[in-house]
Amino acid sequence: MGTSTTATGATDLTRLSAAELATRLAAGEVSSVEVTQAHLERIAAVEPSVHAFLHIDDDGALATARDVDARRSAGERLHALAGVPIAVKDIVVTKDLPTTAGSKILQGWIPPYDATITTRLREAGLPILGKTNMDEFAMGSSTEHSAFGNTHNPWDLDRIPGGSGGGSAAAVAAYEAPLAIGTDTGGSIRQPGAVTGTVGVKPTYGGVSRYGLIALASSLDQAGPVTRTVLDSALLHELIGGHDPRDSTSIPEPLPPLVEAARAGAAGDLRGVRVGVVTELGGEGYQPGVRARFEESLELLRGAGAEIVEVSCPHFTYALGAYYLILPSEASSNLAKFDGMRFGLRVVPDGGDGLAATAERVMSATRGAGFGDEVKRRIILGTYALSAGYYDAYYGSAQKVRTLIQRDFAAAFEQADVLVSPTAPTTAFKLGEKLDDPLAMYLNDVATIPANLAGVPGMSVPNGLSDDGLPVGLQILAPAKADDRLYRVGAALEALLESTWGGPLLARAPELEVAR
Amino acid sequence: MTAHTTHATGVELVDYDDAVVRFDPVIGIEVHVELGTRTKMFDSAEQVFGAEPNTAVTPVSLGLPGALPVVNGTAVEYALRIGLALNCQIAETCRFARKNYFYPDVPKNFQTSQYDEPIAFEGHLDVELQDGTIFRVEIERAHLEEDAGKNTHVGGVTGRIHGAEYSLVDYNRAGIPLVEIVTKPITGAGARAPEVASAYVRSLRDIFRTLGVSQARMERGNVRADVNLSLRPTPESPLGTRTETKNVNSFRSVERAVRYEVSRQAAILASGGTVVQETRHWHEDTGITTPGRVKSDAEDYRYFPEPDLVPIAPSREWVEAIRASLPEMPAARRARLQQDWDYSDLEMRDVVNAGAIELVEATIAAGSTPAAARKWWMGELARTAKTTDVELEQLPITPAQVGELQALVDAGRINDKLARQVLEGVLAGQGSPEEVLVARGLEVVSDDGVLLAAVDEALAAQPDVAAKVRGGNLGPVGAIIGAVMKATRGQADAARVRELVLERITQS
Chain A
1 MGTSTTATGA
11 TDLTRLSAAE
21 LATRLAAGEV
31 SSVEVTQAHL
41 ERIAAVEPSV
51 HAFLHIDDDG
61 ALATARDVDA
71 RRSAGERLHA
81 LAGVPIAVKD
91 IVVTKDLPTT
101 AGSKILQGWI
111 PPYDATITTR
121 LREAGLPILG
131 KTNMDEFAMG
141 SSTEHSAFGN
151 THNPWDLDRI
161 PGGSGGGSAA
171 AVAAYEAPLA
181 IGTDTGGSIR
191 QPGAVTGTVG
201 VKPTYGGVSR
211 YGLIALASSL
221 DQAGPVTRTV
231 LDSALLHELI
241 GGHDPRDSTS
251 IPEPLPPLVE
261 AARAGAAGDL
271 RGVRVGVVTE
281 LGGEGYQPGV
291 RARFEESLEL
301 LRGAGAEIVE
311 VSCPHFTYAL
321 GAYYLILPSE
331 ASSNLAKFDG
341 MRFGLRVVPD
351 GGDGLAATAE
361 RVMSATRGAG
371 FGDEVKRRII
381 LGTYALSAGY
391 YDAYYGSAQK
401 VRTLIQRDFA
411 AAFEQADVLV
421 SPTAPTTAFK
431 LGEKLDDPLA
441 MYLNDVATIP
451 ANLAGVPGMS
461 VPNGLSDDGL
471 PVGLQILAPA
481 KADDRLYRVG
491 AALEALLEST
501 WGGPLLARAP
511 ELEVAR
Chain B
1 MTAHTTHATG
11 VELVDYDDAV
21 VRFDPVIGIE
31 VHVELGTRTK
41 MFDSAEQVFG
51 AEPNTAVTPV
61 SLGLPGALPV
71 VNGTAVEYAL
81 RIGLALNCQI
91 AETCRFARKN
101 YFYPDVPKNF
111 QTSQYDEPIA
121 FEGHLDVELQ
131 DGTIFRVEIE
141 RAHLEEDAGK
151 NTHVGGVTGR
161 IHGAEYSLVD
171 YNRAGIPLVE
181 IVTKPITGAG
191 ARAPEVASAY
201 VRSLRDIFRT
211 LGVSQARMER
221 GNVRADVNLS
231 LRPTPESPLG
241 TRTETKNVNS
251 FRSVERAVRY
261 EVSRQAAILA
271 SGGTVVQETR
281 HWHEDTGITT
291 PGRVKSDAED
301 YRYFPEPDLV
311 PIAPSREWVE
321 AIRASLPEMP
331 AARRARLQQD
341 WDYSDLEMRD
351 VVNAGAIELV
361 EATIAAGSTP
371 AAARKWWMGE
381 LARTAKTTDV
391 ELEQLPITPA
401 QVGELQALVD
411 AGRINDKLAR
421 QVLEGVLAGQ
431 GSPEEVLVAR
441 GLEVVSDDGV
451 LLAAVDEALA
461 AQPDVAAKVR
471 GGNLGPVGAI
481 IGAVMKATRG
491 QADAARVREL
501 VLERITQS
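For the protein sequence lines, the chains are A and B, in the order given. For the first sequence, position 503 (counting from the first letter as 1) is numbered 503 according to the numbering used here, and the numbering increases by one without interruption. For the second sequence, position 256 (counting from the first letter as 1) is numbered 256 according to the numbering used here, and the numbering increases by one without interruption.
It is possible that part of the hints are untrue.
As the list claims (entries may be wrong) - Derived pair list, reagent style DSS-like, types lysine-lysine, alpha-carbon separation capped at 25 Å:
#, chain 1, residue 1, chain 2, residue 2
1, A, K400, B, K417
2, B, K375, B, K417
3, A, K376, B, K99
4, B, K246, B, K184
5, B, K246, B, K150
6, A, K400, A, K104
What the hints assert, rightly or not - Rough simulated footprint, nothing fancy, chain A against chain B, three-plus residues with beta-carbon under 8 Å:
#, region
7, 60-67
8, 103-112
9, 310-320
If you're looking for bench data, these hints aren't it; they were derived computationally from the structure. A virtual CB, placed ideally from N, CA and C, is assigned to each residue, including glycine.
Whole structure, please, built from the sequences with the hints as guidance.
Okay, here's the thing in structure tokens:
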């Protein structure tokens, strides 16, 4: 985790991890205004090529930074991350800051309230740099379904940054922000993490409040950290996690100690830890380079004392099918509220056909103009799956598969403390490559989806470069409410890998051309 | 031959009495009651009646992106009270479901309701009819759900959406907790179907009030009834096609709506037609129903379990604690009060049917005897209510004032005739009985000196009558008494006047 210097000789604050920034802020070596300003300048410099952000809030971020600096100099006790700036996925509702979920239908909407996550970030004094790009309503694996343009992978600007949270991952990978918030319904935090060489964590379902997340699929959605280090994810996870009475599905228990687990894991000692390799999440369909890096990491884990066991989760084969019935079903209902009646886009039919602009016609015109193709595709799919006469065959069967997958996990966690797999089957593909093939796009999430269906936590850790020179990720899965295990194993692997690489993986990413 | 009439609207109707001879009516009633909780079903917005539009709202009641529901525990308790009072079984665990349909008054374009897992089910309610017969209504289910917002259609003639220039939506009502109570098909009521329907809704209203779960004010829409009705040739026949008449919101309207639909459907069936399954609107003013929106594909609500909520699992201990704390139900209370008040069955039924039970009870509590309380409310006051076409409880007089009036009679300060004049003054808003009595100078003249003077005057004015009486002919004494009463403007005690007249004559 080396620091680099700019031409002027000053430490480049944007290259520091959140933990390092927090230490320097606490010691008074830098101010939050300096840190925030440095990131805003980096954003201005690289956004023309990356386009990770949909909205940048210079004034708001600096105002928070000034406030934190003032409180710090007044001797106030602050949160460990106070003053460390953050980027927030545009699906998280932010009061007085535009929130679009990557959709034209919410263009111009300024929310009148904050999500619980946003409230916690504000209360802890994290300057919000802006809102990051995403696939429309989080439907996609490449961020190409954003209504507001593509985000480019900092490793290769012609390639996708993953999705749906490509904006958050790219922002962190491009040093535009040390921290970001993502959401993960089927892999939208972990898969972008894998293809951008960053860390992404999907917490246990119910571990982080969903209040104020624009819902895609309520039973699958979970917000979590996007960072460059495992420790940073733990710090952010502890800040945003924990019970929230506004979310009925929030777990009414404290989180396990995550930062402690990350610090302990960094020592690289995994003796007594049983690591299960899931047979069904590997093999055919996974790039050779992805598989090779995965095997190498297994050896590292074994070398650190972990016991490697093979586990089978036979029903994972049906996960993708079940997911693409449950998700569209819930989404078709969750997205019904976008109708032009109360907020966001409203399209009034021009009346050229001589018909009155009834509420029904306004709704229809608004949804027709406001939603993109992928959103419409899933709404239609979900509406069909929930229809009378089809419910049992589709939604009902999918829920049964879900139960079987939960049982697979339960059985696997009898044999292993954590499970591991490659996060995604391939490295980042080229922009446009899979845009016309929804099924190929959906297959990107084949390894990440089971965790969402079962509600268990998952983490993607940078796992080296594939033969094409692009980053790959290793996924760690733990039982529900045992998120600390992710951090212990993840931090250990990170430390082991970085010692073989001689530094963080991102240090090997090409320098971006900087706009002056 | 069945008598047909053609309604002014051109709809063929069969005379009701003929209709129920030819067909067996089957009713089904869905009652929605708004629960009187402080906040809404799934969010912290307060329930406020009559507030400025769209002020009693939060991101949750507006269905803003990201907002999530949280179940109101008090609403669950109220639903349990209702379920237990209706002799229902209580679910060990139950889930909410989303009922998906697009309509601007539904902020999320789905209503959070309960579908195949109601919180209470399989109950019954014994309903007392006017003649004292007990009719058992079987309850299928009682479930929790949220109310929709309120649409106002502006610019049309009828206030309905058709022909309106624009519509406004007030979301203050959106999210108010409702319990929907659904009966099983009510069979065996025969010609009394309208009465059974009305008595059932009235019984529910009384129970809601007794349970303290709702103000249950019909005129505010706290209680709303949808009335299903179908006809079949005989009680042995399978059920016929039903219509659902929505939002029938008074007891009398429930009765009228059933009667109307019986007559309307009978005319269709009698002429060999088929009844269309549809929802219908009730028109209070004309007493008819008209077809509502045609549902077609909108019938598929795509119900599925609400993923934003966790199941409700009321513990058995909680359910039993609520059961043990239920107040006395209206039927049991009526039986107890009848005994306490020593009313005959007929007297009690009159009081109940007049909706006067609380009024009588409060009057007795204010010091009146049960007999006197009944006499006022079922007599003079009932007549006044009838002639002014209002409910008894809407009369501008309180039970305490009726009690005070009776106390004045009991103290001999006024007689019955004067009491009626005092009552008239109270109803006219001239103050309490005492104030009216003083203001109008209506007190009985009990001063013998004043009365004797009037007697002497009367005797002097009618010397021939006085002579006859003195001669032992007591027949004409009434003329003297009448003159005295007239002179005292009715404020004398006639018996006392008679005594004084006879005294005067024997003395002289």
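Report the numbers of all earlier hints that the structure fails to satisfy, in ascending order.
-> Violated: hints 1, 6 and 9.
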